[in-house]
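Starting from the structure of chain A, add chain B with the ligand where the hints point.
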Amino acid sequence: MAETRRVIEIELPSGDVAPVVCRRFGSGPFRVVIAAGIRGDAPEGIRVAHRVSSFLEAEEGRLNGTVDIYPCANPLAAHRGTRTWPFFDTDLNRLFPGRSDGHPPAQVARALCDDISGAQQVIELRGARPAFSEASQAIVRHDHAESAELASHANVAVVWRRTPGPAAPATFAHQFPGSIVLEGGTGNRLTPGVGNDLADGVLNLLVHLKVLPESGLPFHWAAIRRPVHVTDAEVHRVRAERGGLFLPASTIWSEVEAGECLGEIVDPLTGLTREEVRSPMAGNILAIRELPVVFPGTMVARVVTA
Amino acid sequence: MTVVYSIEAPYRGRYELHRLTFGSGSPRVAIVAGLHGNELNGMHAVNMLAAALRAQRPRGTVHLFPLVNTFGADEARKRWPFDDRDINKAFPGDPDGTAVQRIASALLDATDADVCVDVHSGAPHVRELPQVRVPLSGRELELGRAMGLPLVWRREGARLQASGLIGAWRDAGRQALHVVGGRGITLDTGHSATIARGLKRLLGHLGLVRHVDPNETVADVTRVEVGVHRAATGGFFVPEVRVGALVKPGHLLGYLQMPIGGDRIGELRARRGGVVVTVRAWPMVYAQELLVRVAGTDST
Ligand SMILES: [Zn+2]
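From first to last, the protein sequence lines are chains A and B. The numbering used here numbers the first residue of the first sequence as 1 and each following residue consecutively. The numbering used here numbers the first residue of the second sequence as 1001 and each following residue consecutively.
Simulated from the structure, these hints should not be mistaken for lab results. All residues carry an ideal CB built from backbone N, CA and C; glycine is no exception. Do not rely on the hints blindly, as some may be mistaken.
As the list claims (entries may be wrong) - DMTMM-like, lysine to aspartate or glutamate: derived pairs with alpha carbons at most 20 angstroms apart:
| no. | chain 1 | residue 1 | chain 2 | residue 2 |
| --- | --- | --- | --- | --- |
| 1 | B | 1089 | A | 59 |
| 2 | B | 1089 | A | 91 |
| 3 | B | 1248 | B | 1220 |
| 4 | A | 210 | A | 59 |
As the list claims (entries may be wrong) - To list a few chain B residues with every Cβ distance to chain A over 10 angstroms, as calculated:
| no. | residue |
| --- | --- |
| 5 | 1048 |
| 6 | 1059 |
| 7 | 1073 |
| 8 | 1102 |
| 9 | 1113 |
| 10 | 1186 |
| 11 | 1190 |
| 12 | 1207 |
| 13 | 1223 |
| 14 | 1233 |
| 15 | 1235 |
| 16 | 1240 |
| 17 | 1245 |
| 18 | 1281 |
| 19 | 1298 |
Next comes chain A alone, as it looks inside the complex (with noise of 0.2 angstroms):
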């Protein structure tokens, strides 16, 4: 039976308690951390950590070191199904490294940067952004080659490497300069399919770490999908140009061609076509936006060139 342990506890004033717990499954000095629920709005990330805790559970007899599950970061905005943290209204992935004389959300970001330090690989598990169904993807950092390679075997559509933008620093991944972040799915759903395939791919990553073995997966190795590699050169951020109501034309992961209509923008109180959104190339649609209000500029497709 996995232990589990209170990483950290919130005392709330009212006097009620929420931890943040991590299972611990196996031993020894090798050690994976997977982390879900940072944000409150990704409860795919949390459905595939308890995935992957039970298959482990059943499993931890042949596990050749230690697999640290953190199921849900962030209990408190979770519990709401908000991506910041409730009263103090702040996104816990802009808190990092935290800091343990600061309020609850940097307490817990500091108390977890420090129960982590030393893994060997960080699995962060997220949900798709808010608003937007994305192709099931590995986010790794543009100049680390090894985990990028780790990566493909994450039984993703795509390997993003991505270079870190302004914000980065003060995210959780960012703190572990080798972690890969899987995600996909639909903002703040549950997506039928991705929970499992993202549950398997973090599964075989653990083979590939050697932490489990091959032997007795819940899935054939050949049915791991074989992901594109892209860089940011590669993913193209299309936006509206009107604002309305978008209604989208394509699903997620097909094939476009330059200037076919991704989705028209209407008039929310005629319903008359204001702007035909058309993809700018010709590639695989990476996520689409499903909440259809828009205003002029906000994104509403991310369309990959392989």
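Only chain B with the ligand this time, still in chain A's reference frame:
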């Protein structure tokens, strides 16, 4: 009144960025309020200043932006309601980016002035004595002191809000002053009037208007001269002082009690004398949270 920027909005009228301009020529001053849609003491102060400038045309140019985040203000929200983004984190902005990036870019262009002021309220759960936050030295310190607000808070580089509108103004080579007073979600007419007088003194110092009101500064401090009182544990905080109160060491600032049953957990007593500049307004507090700040005065 001029609409300096607008953007198409679904289901409602266009978003419009409004500017009121008084006078012409140099020097040029821009004053921004309501970047956060739930912090409207600054909006009230700027509108009071507008009334004064209608009566007395300035010798130079004054651009006023009473309310940037109109959509947020309509919903009592700090951020832009559509995607919950903070306009103040979108600077320098992008004319081809998202709505908040476009608004940020347009505001930065439209505040082309020698001296720029951004007025905020405190967070909804704290009340702040009207204050200006300035660097440790230089022209911005001189201008901030000229405002004569109750508190002049001199801050080290890293604490001066390097990002945001203030940082973008500095990057563009403009003098930038960060003013904070009162609390979010509420209108405090007294603090608003204090801020309006400070803005008028700034214009007076720059020679744009005749200034009459005497300086109101009580404390002019750096971080080391500010006593910060935090909650030792979570609980229900009952303040015994208001912002602006003068206290001596040992003065009872408030106490913490159990939320249910009301048993007293602890007392908060001033470690130093001075003026109370921050008081927690929302009583449910977490451990380590800020409850009261006391700034040293000349006499302490
Ligand atoms: Zn503000």
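Legend entry - Given as non-interface: residue 1113 of chain B, which should sit over 10 angstroms from chain A by C-beta: holds (26 angstroms)
Legend entry - Given as non-interface: residue 1102 of chain B, partner chain A, CB spacing beyond 10 angstroms: violated (6 angstroms)
Legend entry - Non-interface claim for residue 1059 of chain B, where every Cβ of chain A lies beyond 10 angstroms: holds (40 angstroms)
Legend entry - Interface exclusion of residue 1298 of chain B relative to chain A, criterion Cβ beyond 10 angstroms: Holds: least Cβ distance 30 angstroms, greater than 10 angstroms.
Inset, instruction - Test the statement that residue 1207 of chain B is away from the interface with chain A: the closest C-beta pair must be farther apart than 10 angstroms. - result: About 39 angstroms separates residue 1207 of chain B from the closest Cβ of chain A, which puts it past 10 angstroms; holds.
Legend entry - residue 1089 of chain B paired with residue 59 of chain A [C-alpha distance capped at 20 angstroms]: violated (47 angstroms)
Legend entry - Reported absence of residue 1048 of chain B from the contact zone with chain A (all CB gaps over 10 angstroms): About 30 angstroms separates residue 1048 of chain B from the closest Cβ of chain A, which puts it past 10 angstroms; holds.
Inset, instruction - With a cut-off of 20 angstroms on the C-alpha distance, tell me whether residue 210 of chain A and residue 59 of chain A pass. - result: Distance of about 14 angstroms is within 20 angstroms: holds.
Legend entry - chain A versus residue 1240 of chain B - minimum CB to CB distance exceeding 10 angstroms, so not interface: holds (19 angstroms)
Inset, instruction - Quick one: work out the minimum CB distance from residue 1223 of chain B to chain A and report holds if it exceeds 10 angstroms, violated otherwise. - result: Holds, because the least Cβ-Cβ distance between residue 1223 of chain B and chain A comes to about 15 angstroms, which exceeds 10 angstroms.
Legend entry - chain A versus residue 1186 of chain B - minimum CB to CB distance exceeding 10 angstroms, so not interface: At roughly 17 angstroms from the nearest Cβ of chain A, residue 1186 of chain B sits farther out than 10 angstroms, so the non-interface label holds.
Inset, instruction - Mind verifying the non-interface call on residue 1190 of chain B? Its CB should be farther than 10 angstroms from each CB in chain A. - result: holds (27 angstroms)
Of the numbered hints listed earlier, those contradicted by the structure are 1, 8, 14 and 15.
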